[in-house]
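Novice: One letter stands for each residue in the lines below.
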Amino acid sequence: MNQVISFIRQPVVVALVLIVALLYLGQLLSPGFASGGQILRLLIVAALLGIVAAGQNVVILGGREGIDLSVGGIVSLSAIIAGNVMNGADSGILPAIAACLAAGAFFGLLNGLGVTLLRIPPLVMTLGMLGVLQGLLVVIRMGIPSGQAAPALSRFVTQPLVFGLPGIIWLWIAVGLLMAFMLHRTVFGHRIYAIGSNEHAAYMAGVPVRPMRIALFVISGMFAALAGLCLLGYSGSSFANVGEQYTLTSIIAVVFGGTSLAGGKGGYTGTMAGAVLLVILQGILTTVNIDESGRQMVFGATLLLLMTFYGRGRAMRV
Amino acid sequence: MAEIATGPMSRRVGSIRRLLERYPFLPALGIVAALFLLNGFFSPASLSYRALTGLLSTYMALILLSIAQTYVVYAGDIDLSVGSILSLVNVTIIVLMERWGGGAGAVLLSLALGLLLGLACGLVNGLVVAALRLQAIVATFATSIFFTGLALYILPVAGTPAPTLFWRTYGGRLFGLPFVFYILAVLLVLLFMLARTRLAAQLLAVGDDRQAAYQTGLPVVSVRIRGYLLCGLFAALAAFCITGDTASGDPLVGGKMTLYSVAAVVLGGSALAGGWGTVVGSLLGALTIGLINSLVFFMGTPSEWQNFMQGLAILLVLMAGVLAGRRARP
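Chains as they are written, first to last, in my numbering: chain A, 1439 to 1756; chain B, 46 to 375.
Hints in this document: simulated from the structure, not taken from any laboratory.
Just so we're clear, the structure is a prediction, and the values are computed from it rather than from any experiment.
No incorrect hints appear here.
Some chain A residues close to chain B (C-beta under 8 Å, calculated; not the full set): (1) 1556; (2) 1558; (3) 1559; (4) 1567; (5) 1576; (6) 1580; (7) 1689; (8) 1699; (9) 1732; (10) 1742.
Just so you know, even glycine gets a beta-carbon here, dropped at the ideal spot from N, CA and C.
Chain A with its partners taken away, still in its complex shape (with noise of 0.2 Å):
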């Protein structure tokens, strides 16, 4: 009986039973919500949530009050970099891929040295950070035009590839997987545990705790950067601040899947299960025929909600 209830309250398992929930009161609602072609284009919008919430993922699993605000900001330089990049050419895309994975792995190491090397706070580290890229957003996009998608990249994010999946779903698996393998089979993936969990014990394990930190920051950035990447294919092409809104609902992603904002407990599964739900309820939300502030509302208020299934602080004991 005990492992039933340890079982379920897994916080996959809970994300799972939501997202089931959800699918069938969507489907109560607006007849059609959960048919194939519809879930498919939900799952879509939640791999390019889940790609970013991979990178802010591991931030917050390698603990100190670990998160990445400026993620949002790395996805709008990446849709616009990449979108004058490759400029609606498909020969554009691999010079486009290597450009936006390096200002993203660019912005993380600042990240990352700022909160090692100078021992800032990350959320006060990356919240200044966004702010220097909002700045050069502005720049950017007062210089030159913001560019079109690549044929090719647009009909990888929203048409079929293999067995009836776009390529950007096959992506996000493709990166589920990887983080799997990194987070539980590998020395780096323990190390990222080890650090999150007690980051004094790991440097006297002869865990090298700041490379660590620092590696984290480059990888969520380079991750965003993959997200605007494939935004930008998704939308075709790119806008002011259009990854705004992944910042916070990258970290709501993580906290749904179940990994604790204090860092060394969690992984990527239940993230990815997250995300799903997430956009399930956007979508669910943007389908019912309520006002924006009565869909807001009831966004927040389900938020909420939703939280008191997940891991609530402890009770204060004496």
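Position chain B against the provided structure of chain A, taking the given hints into account.
Specialist: What follows is chain B alone, placed relative to chain A:
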């Protein structure tokens, strides 16, 4: 025990540290002074009485919002909904004042209800964070979505004007002095009094070590809730100032201000982890952001580069603020 170390050098470091311990906002004050000088260097007119009044009336809302944020940061919490509380109170008082005719009585009654609304929002935040024990960052983000929805419901599009009486008073003069100066004076007295209350000490104690505070017998949950209440109250006051400054209602006016308020708290030398900080520092932090924005403008930065320069300058002073703040901590 720095006094034990001998030599003139270490003694000097020790005295600086003592000074910083006593007045942790000194680095922020230095940055503000330097920014004033730079502003004056690039544009002497920016130090005129008139320009300073303008600066104060524009940034008074951010100052109050940063102070609001400080009280929850004291207790080791954070409030990502302050901007949406500001928006909500802004549209609510605008709609009420218009509906009731815009006379003096209507304005005062609307402001009183605005304060209550701010308190109610703070109570909601306090309950979900302290009583339900949700994680502050994500929980207050969720409440901010809710508050924004409510603001959009009350006033779907920006634009309803404030009664003339209201913004004329805010932007006008009283006994020959600009009205914002009185606001600042009252605010300083209020902050001074609040700093002497038991609540301020309790918030800092809870932020310093929650478990220890609990074991000492402090009602931790209720202290944290009261921190959020204070936050909601100051966010409502900030809303009054933004209403006076913009003279209109906008359901999204505070959206961008939340993160600035967090930045101002850090600029002021307070620790985001809680247990250490001053509200005066946050006031100076908010002024720093305002002065950086005007400095970038006065330096003749090309318009497309202004946001970037502002972001970069704020990042740099944030780093400086954290480094200086750490030195000051006992």
